[in-house]
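Student: Going down the list, the protein sequences come from chains A and B.
Residue numbers for the first sequence follow the numbering used here, beginning at 1 and rising by one.
Residue numbers for the second sequence follow the numbering used here, beginning at 1 and rising by one.
Read the hints as simulated data drawn from the structure, not as lab findings.
Some clues are possibly wrong.
Restraint-style ranges between C-beta atoms, simulated for each label pair [claimed, not checked]: (1) B:Pro40 / A:Asn30: 26 to 32 Å; (2) B:Gly99 / A:Glu5: 26 to 32 Å; (3) A:Asn30 / B:Gly1: 36 to 42 Å.
Glycine residues also receive a C-beta, built at the ideal position from the N, C-alpha and C atoms.
Residues per chain are reported as follows:
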Amino acid sequence: SQQGEEDPQALSIQEGENATMNCSYKTSINNLQWYRQNSGRGLVHLILIRSNEREKHSGRLRVTLDTSKKSSSLLITASRAADTASYFCALARGNAGNMLTFGGGTRLMVKP
Amino acid sequence: GAVVSQHPSWVICKSGTSVKIECRSLDFQATTMFWYRQFPKQSLMLMATSNEGSKATYEQGVEKDKFLINHASLTLSTLTVTSAHPEDSSFYICSGSFGNHNEQFFGPGTRLTVL
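Just chain A, same shape as in the assembly (with noise of 0.2 Å):
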């Protein structure tokens, strides 16, 4: 299969706690980002990281990514209750201009 599969499928955990989602794939890549999606919303564009990338930062969120291994991981830190919302990884393969393939996501909960 072409699209990201994620794990876990869901995560629950307690406010102040680390979140760790994986997404691993099978294609070459161009780049892979990371969306953020609330129940029954639009999505949000969280982090980009591209294929000659390691890792990136913005904020509580830090993206690896492992081509080799064809895995990336996000990572929140700190969660708070807000961070509850779904978690997709999302491909895009080089010759498929910006076309994105969507990993199945990660349901996150963060309990106040």
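Starting from the structure of chain A, add chain B where the hints point.
Tutor: Quick look at chain B alone, frame taken from chain A:
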């Protein structure tokens, strides 16, 4: 950031009717727009990609005669679900991108319920 709107945000219709969903880029010109469908607790599945002024490119398994896509301007794309049936009930999300920008900007989605 770039803003995309969708209208309506939700719609309920009878089986057999057609429903049109609008996707607008409010502060940028979307050279490419994408339409996705999302079933409950599932991921987004790309339905089609449309470039302004061109026919949409549909993903495998998506009926182009059932899901009519028009991208007549750089700020508006429409998806018409023709002869809707209950199995078409879903959350439809559009997104837009421009130039070689890798990021897609997503609309808030439209929830379609077909009775």
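Student: Which of the numbered hints are not met once you compare them with the structure shown?
Tutor: 3
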